[in-house]
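With the hints as your guide, set chains B, C and D onto chain A.
There are 4 protein chains.
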Amino acid sequence: MSTQFASAHAVTIARFEQIRARTEQICRPLEPEDTVVQPIVDVSPPKWHMGHTTWFFENFVLKPYLQNYKLFHPHYSYLFNSYYNSVGNRVQRDKRSTLTRPPLQDIYNYRAHVNEHVAILLQNLPDKQIAEILPILELGLQHEQQHQELLITDIKYILSTNPLMPAYFSKTNPKTPQTSATLAPAFADVPGGVYEIGYKGNEFCFDNELGVHKVLLEDFQIMNQLVTNGEYLEFMQDGGYSDFRHWLDEGFALVNTEKLQAPLYWVEQEGEWHRFSMHGLEKVDKNAPVCHISFYEANAYASWAGKRLLTEFEWEAASQVHKPGNGNFVETEFLEPVAAAPTAEVQQLYGDVWEWTYSAYHPYPGFSKAPGALGEYNGKFMLNQMVLRGGSCATPESHIRTTYRNFFHPDKRWQYNGIRLAK
Amino acid sequence: MSTQFASAHAVTIARFEQIRARTEQICRPLEPEDTVVQPIVDVSPPKWHMGHTTWFFENFVLKPYLQNYKLFHPHYSYLFNSYYNSVGNRVQRDKRSTLTRPPLQDIYNYRAHVNEHVAILLQNLPDKQIAEILPILELGLQHEQQHQELLITDIKYILSTNPLMPAYFSKTNPKTPQTSATLAPAFADVPGGVYEIGYKGNEFCFDNELGVHKVLLEDFQIMNQLVTNGEYLEFMQDGGYSDFRHWLDEGFALVNTEKLQAPLYWVEQEGEWHRFSMHGLEKVDKNAPVCHISFYEANAYASWAGKRLLTEFEWEAASQVHKPGNGNFVETEFLEPVAAAPTAEVQQLYGDVWEWTYSAYHPYPGFSKAPGALGEYNGKFMLNQMVLRGGSCATPESHIRTTYRNFFHPDKRWQYNGIRLAK
Amino acid sequence: MSTQFASAHAVTIARFEQIRARTEQICRPLEPEDTVVQPIVDVSPPKWHMGHTTWFFENFVLKPYLQNYKLFHPHYSYLFNSYYNSVGNRVQRDKRSTLTRPPLQDIYNYRAHVNEHVAILLQNLPDKQIAEILPILELGLQHEQQHQELLITDIKYILSTNPLMPAYFSKTNPKTPQTSATLAPAFADVPGGVYEIGYKGNEFCFDNELGVHKVLLEDFQIMNQLVTNGEYLEFMQDGGYSDFRHWLDEGFALVNTEKLQAPLYWVEQEGEWHRFSMHGLEKVDKNAPVCHISFYEANAYASWAGKRLLTEFEWEAASQVHKPGNGNFVETEFLEPVAAAPTAEVQQLYGDVWEWTYSAYHPYPGFSKAPGALGEYNGKFMLNQMVLRGGSCATPESHIRTTYRNFFHPDKRWQYNGIRLAK
Amino acid sequence: MSTQFASAHAVTIARFEQIRARTEQICRPLEPEDTVVQPIVDVSPPKWHMGHTTWFFENFVLKPYLQNYKLFHPHYSYLFNSYYNSVGNRVQRDKRSTLTRPPLQDIYNYRAHVNEHVAILLQNLPDKQIAEILPILELGLQHEQQHQELLITDIKYILSTNPLMPAYFSKTNPKTPQTSATLAPAFADVPGGVYEIGYKGNEFCFDNELGVHKVLLEDFQIMNQLVTNGEYLEFMQDGGYSDFRHWLDEGFALVNTEKLQAPLYWVEQEGEWHRFSMHGLEKVDKNAPVCHISFYEANAYASWAGKRLLTEFEWEAASQVHKPGNGNFVETEFLEPVAAAPTAEVQQLYGDVWEWTYSAYHPYPGFSKAPGALGEYNGKFMLNQMVLRGGSCATPESHIRTTYRNFFHPDKRWQYNGIRLAK
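Taken in sequence, the protein lines are chains A, B, C and D.
According to the working numbering, the first sequence is numbered sequentially starting from 2.
According to the working numbering, the second sequence is numbered sequentially starting from 2.
According to the working numbering, the third sequence is numbered sequentially starting from 2.
According to the working numbering, the fourth sequence is numbered sequentially starting from 2.
Chain A with its partners taken away, still in its complex shape (with noise of 0.2 Å):
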């Protein structure tokens, strides 16, 4: 290896031991069969997100690329392949808790395992390919950050649905976020006119980020916090959720058939409102951000409040032209999401939820697939699901960018889901 690489070099194989230890640091809480089950089909268990992540390195990076490798067992790819029609079968997606076995002990092996042959594999590097591992690599450091807040989200969701409402925290120690006072809502400006998406950096992005082109934009304000969980309270008790004005006629049907009347995880106790926290259930905080909510939901809101949620470019308008403010990410091991302290004029850009965007997932313009099977990582999806943006307190600080775009169907409440509203 050349010394010129030498730098990078360390810092990748630093970066790749960090990142695939924080996996299994979030794991360490669960009992064995916490990590199997899947209780609705969009959480899937956490020994799968362990042995798929894996599964990433060793088919993209080791078996490419390492000479001699073994794998580490023959079924594996069967097993751990999410959505790679180009890799090959797989165990069908609503079928993963079928996954009994391979017992957790051998998932920890096979980790460590890729691991150890991932470390020789970037040691033993000649220059030349050093060039052109180091993206995949680093694709697959971003792949298994994703999968965290994945994992985070799907265990939440896993302790949730078992009738004894276990804490994630219950065995650790919780770090408390710190109250402080909080903001007074106000609306931030963001001129009009013609604004650059996507991103042109040189650092890594996803490719739905690419396609740079202009936008023109006429003239609005941002609110210069998110929904709190008191306002939204405010809005189910004046009915918001048997308004059918304020809904998109299948957010109503769904409101109906489904018997909605708070955000997923909220229970009434005792005439107050409690929700299930990685805490267990505790009571509704009203000056922290709402949480959990469908894209129906956050627009019900805004319609109801006279406002508007933004678009995916407007978002991307208003964090390049405002400061981003704090916001608390996985980092704080918080986990959930807290008020803002009034530090800046736009707070939580960034961090605590995820802001859902009326922007329709689809490709920018000149957008194009990357050949071979990573070019089945985003283009796919790009029909039915909504823009998010900012990260959420489940997402590692160093994972999210401006231009970064999260997308999920808009029913789905289970990740780390808010809103800001526009005008």
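Mixed in with the good hints there might be a few duds.
[To be verified] Derived pair list, reagent style SDA-like, types lysine to any residue, alpha-carbon separation capped at 20 Å:
hint	chain 1	residue 1	chain 2	residue 2
1	C	Lys308	D	Pro364
2	D	Lys324	D	Tyr242
3	D	Lys381	D	Pro364
4	A	Lys287	A	Gly212
5	A	Lys413	B	His410
6	A	Lys370	A	Phe205
7	A	Lys260	C	Glu259
8	B	Lys308	A	Gly212
9	A	Lys381	A	Phe368
10	B	Lys64	B	His114
11	D	Lys260	C	Arg309
12	B	Lys381	A	Gly212
13	B	Lys381	A	Gln386
14	D	Lys370	C	Arg309
15	C	Lys215	D	Phe314
16	D	Lys260	D	Ala371
17	C	Lys96	B	His114
18	D	Lys381	C	Glu259
19	B	Lys201	B	Pro366
20	B	Lys381	A	Gly307
21	A	Lys381	A	Cys206
22	C	Lys96	D	Ala254
23	D	Lys287	D	Tyr242
24	C	Lys424	D	Phe314
25	C	Lys71	C	Ala132
26	C	Lys424	D	Arg414
27	C	Lys424	D	Phe368
28	D	Lys215	C	Glu219
29	C	Lys308	D	Asp208
[To be verified] Just some of the chain C residues that point at chain B, by a computed CB distance under 8 Å:
hint	residue
30	Glu34
31	Arg102
32	Gln124
No lab work stands behind these hints, which were simulated from the structure alone.
Glycine residues also receive a C-beta, built at the ideal position from the N, C-alpha and C atoms.
Showing chains B, C and D alone in chain A's frame:
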């Protein structure tokens, strides 16, 4: 009535009568039993369409504006309200086939009754009210034209599910399109720049066309004609339906669960593709535009062809730049798309088939719902649907505009929907 | 034809004409649209019943026995075969509402055509064939009588699902039962011993009645009349539908998922129970037998009353021992069960309502299917259904026998089914 | 305690300890993740079985009879109640996989805690209470034996759905049956006459065996052995699964919708039939009894063979007349049925596989439910299920009797169910 309104008036009455009569003409070839069934939830019974369009005038025009108007029947509002929560309870959408009564003749009587009373209202209207009523009346007529198109597509579907596959034109003498030389496929330029999107004229438009705004587009090119059945057959024969690389993920799942391998209404018989048309089962015409496909199929075809679909903004810009070319509307009474004659640089921008765009049906900036029940007309459907542009062989020519936005869920195939490519 | 067969012959032809005409009489009050819908899979369109019963004669009598007989229409076998795998493909049972064509008049023409040709066949039949054909003809007539009962129950269901709840008797002049003193409830003895079960006469019976065999019964008692609406109301008012102790597990699950709280067709209006009958919505008659209940409801009522249902063997023994008493059949044209007059020790063993027994519909010892397609008549349904005995107000009096076994799944409620208690 | 009860007592305690320990022995080869999943609603998580059988003793024995007994955990009744409405709310049957907590070790602690307290209770019991408690204790042990059989069949199903198809016996040393000459197929006579059905001894029996009554049977014959895999293969190869003539209608519908073509667990590999067994995937043994089939398959096979199934009354009469012959119970620890050795005139009346009878699971004459919660044990399931007789290779030998009635819905295949023919 002042003379100022008299002529507008006469035109309105004539137009009212003509459009109302057209609905009944469409239903004339049907047996009474054809008018009551609902083979899938999307397809409403023709009898219901005839009642519902009449209820629209009774409820929004006669009831509020004609003094002493007595409802034709106290329960018809319950029977024929489609989706207006503001107006009250109604037959569930998927239960419309329960309307075996009122018998067909009662529906015709209802139509005649409402027609007469609208005429009475119009003849005795003070000037002041004319300005208030005419827009609602116009909306009612535009609404009825929309249902005329739905009537045609729903009748086609109903007949297709009958094991005897009867032809719509079995009793009447169908008009046959004149065959002609077709256009050589080529791309036409549309220059980039700022375009104004949305309706700014003084005639009627729907609320979803309002909110005129500017968009910035880059240079692009559109195909000078629609994709033909012959071209689509090449895609099929090239294994298009089984090659996941061309498909959006949810589209490919649909193809597999529904075992799709051709457009709706296509049937292979002795090695040759036929399709059910308004003339019964007949061989596929390779020169005619492909039709009755989902957005997923349109997009997969475009991917296979190495091209892409337009956005709705590109489509609107292209139709500002290019002459419309010939197109086949409901007035020809062909009721099937036909091959394009080479009469303009870009053909069939309007008519023949609706063109799927890769734009979600969302509100334009500044969109606001009308007050009251009519505010439920469009806004509440602005999610999870894709925009189609240009009208079809089942659309009245007077009904379509450059700014007209049609919308369907991406899996829907029973409308006359097709493909125009861009690059 | 020999004189030996001549009179049997004349009787047969008269009977054939009378029964065939009766089917059409039942359908006369219907609108064409009433004849095509299928609101639940159990309920077949009346048009289909009329076609199917005709197809039975065409397929099993005319096709094999009338020389040079030309099928009325080449596709009708596909349209009107019910469940005979031996005869070939057919419209799926749940797709019968697709039969908007052939139009109603064609069905009447089909009936007339087949009737004429059966008459021709019978008039020119050599003695040798008469012996072969008469049993099939008789089966066809019995089959048509079964469908007449289904026509009545299906029409009632179809009308009940219409939001206008139209009365079947709205056009015709319904016959009203004479009200009368009712019987005092009491139990009647049936002595234990060996009884012979099954049909051993020389007239027609279905194959499921064959396999005469002896059963050994202990002494038991049967209620001298059917359970009335008034008695059933007491069960309802005593919380019968919410007290799990009276219910079979699957019945109680059904009660909860379907939110059942009264017999089918019962509606509470301003604190009073009404029911949809052939006369439209009317107050519940407390003296009339309760009807349109599932086996689960019958059994729960019996449990609540501290009694039990009979087995089919006990029912058959009781009707060997006791005189039948009065009963109300289809010939009265009431089409609803009525209160019993005190004319015999045990009333309504026949007529008014079918009596649910606690016997599964299984083959008798020695049961064997007929050879060929007619072997599919009964045998293949001998599982998961419960036996009912005695006929109802929709059953032709000439159709019922002591040994007659009707059968339905225990959750079915749209037939005229009721309760007789035993202890 | 009087000496009169002392020895019965010692036996009971020993029996209690032995049966309780056996449950844990069955679960020993499992990973913790194996114990929590519920791949189909019929299959309960092993952890749940272990908790539920323990709850039975805690709720019905300790809570009412042991003074000052403190529940192990206040929520366990909610977690581990199966279906007793009288006892209160409970986890829905299809949500048992939510029980990731309590972790497996807690369940073992729960078992130990209840075992200890039952021992304490028994050691200090006054004579008067012994008579009251012993029957409940015995019911609890019989109940636990039933769950031991379910544990085995549920574990087999869970392992079979795992993509790795792990063997249950992978860690332990399985016992292998000694192969031997098999019996020549022949029919054995059972003379007609009056037989007494039901339990009349002084030992334990379930309430569904009570109501001793006489039935009158005609002469019949039973096959001297069970239908083998080899014989069943002939049925398969003769097109048995596609010949509608042999099938009950609902069975043939199931075969077609589920695309059944072999018993559960059979897999064709390279032209040869294998089956998943407790030893993993292995070739089908043609001499062993066919197993894991539905009632529909059993009945279709009998029809194809020109024979029939027995009724439960015939089975009980046959086992009064014939010696039981050898049979393979859970004590052999084979956990798969094996070929019969020629040691008696009629083989395997007991053990190896449960024999489907053509008798619905209904109450015997005079059946009455026990008072209180235990009345829900059997009675409420007496509909829509078929009786099976004789026990299987997963049944404890001490658990089975001539009068024992097992019951399952006719479509169930995951139990060790097979076929004996009669004529």
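Okay, the hints, checked on the actual structure:
1. Among the hinted pairs, C:Lys308 with D:Pro364 is consistent with the structure: their alpha-carbon atoms are about 14 Å apart, no more than 20 Å.
2. For the hint pairing D:Lys324 with D:Tyr242, the CA-to-CA distance comes to about 35 Å; that exceeds 20 Å, so the pair is violated.
3. For the hint pairing D:Lys381 with D:Pro364, the CA-to-CA distance comes to about 10 Å; that is within 20 Å, so the pair holds.
4. With a CA separation close to 40 Å, the supplied pair A:Lys287 and A:Gly212 exceeds the 20 Å bound.
5. Pair hint A:Lys413 plus B:His410 holds up; C-alpha atoms about 19 Å apart against a cutoff of 20 Å.
6. About 16 Å separates the Cα atoms of A:Lys370 and A:Phe205, which keeps this hinted pair within 20 Å; it holds.
7. For a cut-off of 20 Å, the pair hint linking A:Lys260 to C:Glu259 stands: about 17 Å separates their Cα positions.
8. This hinted pair checks out: B:Lys308 and A:Gly212 have alpha carbons roughly 16 Å apart, not beyond 20 Å.
9. In summary, the hint linking A:Lys381 to A:Phe368 is supported, as the alpha carbons are separated by about 12 Å, within the 20 Å threshold.
10. Using a Cα cut-off of 20 Å, the hinted pair B:Lys64 and B:His114 holds, with the two alpha carbons roughly 13 Å apart.
11. Straight-line distance between C-alpha atoms of D:Lys260 and C:Arg309 comes to about 41 Å, which puts the hinted pair past the 20 Å bound.
12. Restraint check: the Cα-Cα separation between B:Lys381 and A:Gly212 comes to about 31 Å, which exceeds 20 Å; the hinted pair is violated.
13. Taking the CA atoms of B:Lys381 and A:Gln386, the gap is about 17 Å. The hint holds against a cut of 20 Å.
14. Between D:Lys370 and C:Arg309 the alpha-carbon distance is near 13 Å, which keeps this suggested pair within the 20 Å criterion.
15. For the hint pairing C:Lys215 with D:Phe314, the CA-to-CA distance comes to about 14 Å; that is within 20 Å, so the pair holds.
16. Between D:Lys260 and D:Ala371, the direct Cα distance comes to roughly 42 Å. Violation of the 20 Å bound is thereby established for this hinted pair.
17. For the proposed pair C:Lys96 and B:His114, the alpha carbon gap of about 36 Å is over 20 Å, so the pair is violated.
18. Pair hint D:Lys381 plus C:Glu259 holds up; C-alpha atoms about 19 Å apart against a cutoff of 20 Å.
19. Our distance criterion of 20 Å between C-alpha atoms is met by B:Lys201 and B:Pro366, whose separation comes to about 14 Å.
20. With a C-alpha separation of about 16 Å, the suggested pairing of B:Lys381 with A:Gly307 holds against the 20 Å cut-off.
21. Distance hint between A:Lys381 and A:Cys206 is fulfilled; the C-alpha atoms sit about 17 Å from each other, no more than 20 Å.
22. Taken as a hint, the C:Lys96 and D:Ala254 pair is honoured in the structure, with Cα atoms around 16 Å apart against an allowance of 20 Å.
23. For the hint linking D:Lys287 to D:Tyr242, the alpha-carbon distance of about 19 Å falls within 20 Å, and the restraint holds.
24. Taking the CA atoms of C:Lys424 and D:Phe314, the gap is about 23 Å. The hint is violated against a cut of 20 Å.
25. Of the pairs offered as hints, the one joining C:Lys71 and C:Ala132 is violated, with about 24 Å between alpha carbons and a cut-off of 20 Å exceeded.
26. About 37 Å separates the Cα atoms of C:Lys424 and D:Arg414, which puts this hinted pair outside 20 Å; it is violated.
27. With a C-alpha separation of about 12 Å, the suggested pair C:Lys424 and D:Phe368 falls inside the 20 Å cut-off, and the hint holds.
28. Annotation: proposed proximity of D:Lys215 to C:Glu219 holds, straight-line Cα distance about 9 Å (limit 20 Å).
29. Of the supplied pair hints, the one linking C:Lys308 and D:Asp208 holds, its CA atoms being roughly 19 Å apart against a limit of 20 Å.
30. The closest approach between the C-beta of C:Glu34 and any C-beta of chain B is roughly 4 Å, which is under the 8 Å cut-off, so the hint is satisfied.
31. Evaluation of the C:Arg102 hint against chain B yields a held restraint, the C-beta minimum of about 5 Å falling below 8 Å.
32. Here the hint on C:Gln124 is broken, as its CB sits about 33 Å from the closest CB of chain B, past 8 Å.
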